[in-house]
Amino acid sequence: MKIKFILSFLVLIAFETCGNIDKENEDDSKLLYSLILLSHPPDRAENYDRDVKIITHRGQEFPIFCDPSNSDEDLNFFIELLKMEISRYPRGYWIKAGVEYVQLCRNFNGGLMHLVSNTMYLNVLDEMGKRRIYDSETSTFISPLDYYARLGTIHHELTHAVDKSLLGLGFILFDPAWGSLNYAGFQYGNHYGPQQNNPHPQVFSHPLPGFVSLYATTNHVEDRAEIGQGIMGPISDYNRLIRFCQSDPIIAAKVNRTISEWKEFWPFPGAENSDWKTKITATESACNGR
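Reminder that position 285 of the sequence shown reads as 285 in the UniProt record's numbering, one-by-one numbering, no gaps.
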């Protein structure tokens with residue numbers, strides 16, 4: 001999209017430079033302007049008004065291995081959960097982020113947002129919808145749907161997609177604005193690695209100033225996604241995020257930047273009644289002591 005815009009802009013400059021040689025070019029000028037404007041329609045919510053396609057029972061080896069042998073019962077449970085999470089955002093939000101497809105895989109390790117194919121891969125555990133689960137916070141058994149509600153992986157991977165859509169694919173390699181928020185001397189990749197065998201790197205534990213989890217210290221891409229997960233993910237992560245940002249100005253700055261970027265990404269009217277809008281408004285207020 002950016003390349004198309006640059007090319008169109010260069011065409012306009014060239015035409016303005018030589019297109020006024022005589023009056024006969026006036027109609028051609030109007031036609032060229034019209035064609036260029038038509039190739040870049042206004043950015044409206046209506047442009048993204050379609051459903052995310054959920055793919056099941058499709059095995060593959062590349063770009064990741066996906067086991068398609070989930071039971072229909074497990075898939076039906078997860079699809080209900082996924083649709084509930086999608087509905088928390090303004091309609092079209094996922095599509096604008098580039099998530100055209102969500103492919104469900106059996107016992108896949110976590111999740112993956114494949115930014116080239118516009119496909120999010122998500123893990124469906126065996127029998128995840130069958131068992132009641134003991135909740136230590138309330139000392140009660142709760143339903144699987146309540147337990148897995150706001151599944152963090154979904155919102156973590158969606159944040160990757162929003163970042164790519166808003167900032168371009170180059171943000172994966174270079175994001176100095178985000179890096180400048182960290183404390184002096186910090187370097188990604190020096191605090192956690194798979195070789196350390198930490199059993200819970202994604203637990204929101206505030207291991208270092210400015211970071212909600214050890215996993216966030218891996219690189220700026222995951223740091224961003226962990227903040228996004230904190231805002232829209234499980235209530236337990238959200239509550240910790242609020243406590244962290246109220247005591248840690250770096251985390252507060254990262255939360256504020258994320259929310260500012262999300263507002264820029266989805267500026268359209270009509271989102272007022274969405275859980276996404278409610279959540280970012282409440283988060284902004286809580287982190288800034290309002």
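For the record, the hints were derived by calculation from the structure and aren't laboratory data.
Keep in mind that the hints are not guaranteed to be accurate.
[Stated by the list, open to error] In silico lysine-lysine, BS3-like type, Cα no more than 30 Å apart, as pairs:
#1 K164 x K263
#2 K164 x K53
#3 K279 x K164
[What the hints assert, rightly or not] Computed Cβ-Cβ distance ranges for the label pairs, DEER-style:
#4 P249 x V116: 33 to 39 Å
#5 E61 x L125: 17 to 23 Å
#6 G110 x P176: 25 to 31 Å
#7 F268 x G179: 17 to 23 Å
#8 R132 x N47: 40 to 46 Å
#9 N288 x D146: 19 to 25 Å
#10 G289 x D146: 16 to 22 Å
#11 N273 x F186: 21 to 27 Å
#12 G185 x E284: 26 to 32 Å
#13 T138 x A282: 30 to 36 Å
#14 P176 x D146: 18 to 24 Å
#15 G289 x Y101: 38 to 44 Å
Built from N, CA and C at the ideal position, the CB exists for glycine as well.
Outcome of range test on Cβ distance (N288, D146; 19 to 25 Å): Violated, since N288 and D146 (Cβ atoms, about 30 Å apart) do not stay within the stated range.
Range hint compliance [Cβ, G185 to E284, 26 to 32 Å]: Since G185 and E284 have Cβ atoms about 29 Å apart, the given range 26 to 32 Å holds.
Beta-carbon spacing of T138 to A282 - inside the hinted bounds 30 to 36 Å or not: 22 Å, violated
Consistency of beta-carbon spacing, N47 to R132, with hint 40 to 46 Å: Given range 40 to 46 Å: holds, Cβ gap about 43 Å.
G289 versus D146 beta-carbon gap, inside 16 to 22 Å or not: Once the Cβ atoms are compared, 31 Å apart, the range 16 to 22 Å for D146 and G289 is violated.
Holds or violated: K279 to K164, with C-alpha atoms at most 30 Å apart: With Cα atoms ~22 Å apart, K279 and K164 stay inside 30 Å; holds.
Assessment of proposed distance window 38 to 44 Å (beta carbons of G289, Y101): The hinted range 38 to 44 Å holds for G289 and Y101, with Cβ atoms some 41 Å apart.
Assessment of proposed distance window 17 to 23 Å (beta carbons of F268, G179): Violated - the Cβ-Cβ distance for F268 and G179, about 30 Å, lies outside 17 to 23 Å.
P176 and G110 - C-beta distance against the hinted 25 to 31 Å: About 28 Å separates the Cβ atoms of G110 and P176, which means 25 to 31 Å holds.
Cβ separation of P176 and D146, checked against the hinted range 18 to 24 Å: 41 Å, violated
Range agreement (Cβ of V116 with Cβ of P249, hint 33 to 39 Å): 36 Å, holds
Consistency of beta-carbon spacing, F186 to N273, with hint 21 to 27 Å: 39 Å, violated
Checked against the numbered hints above, the structure violates hints 7, 9, 10, 11, 13 and 14; every other hint is satisfied.
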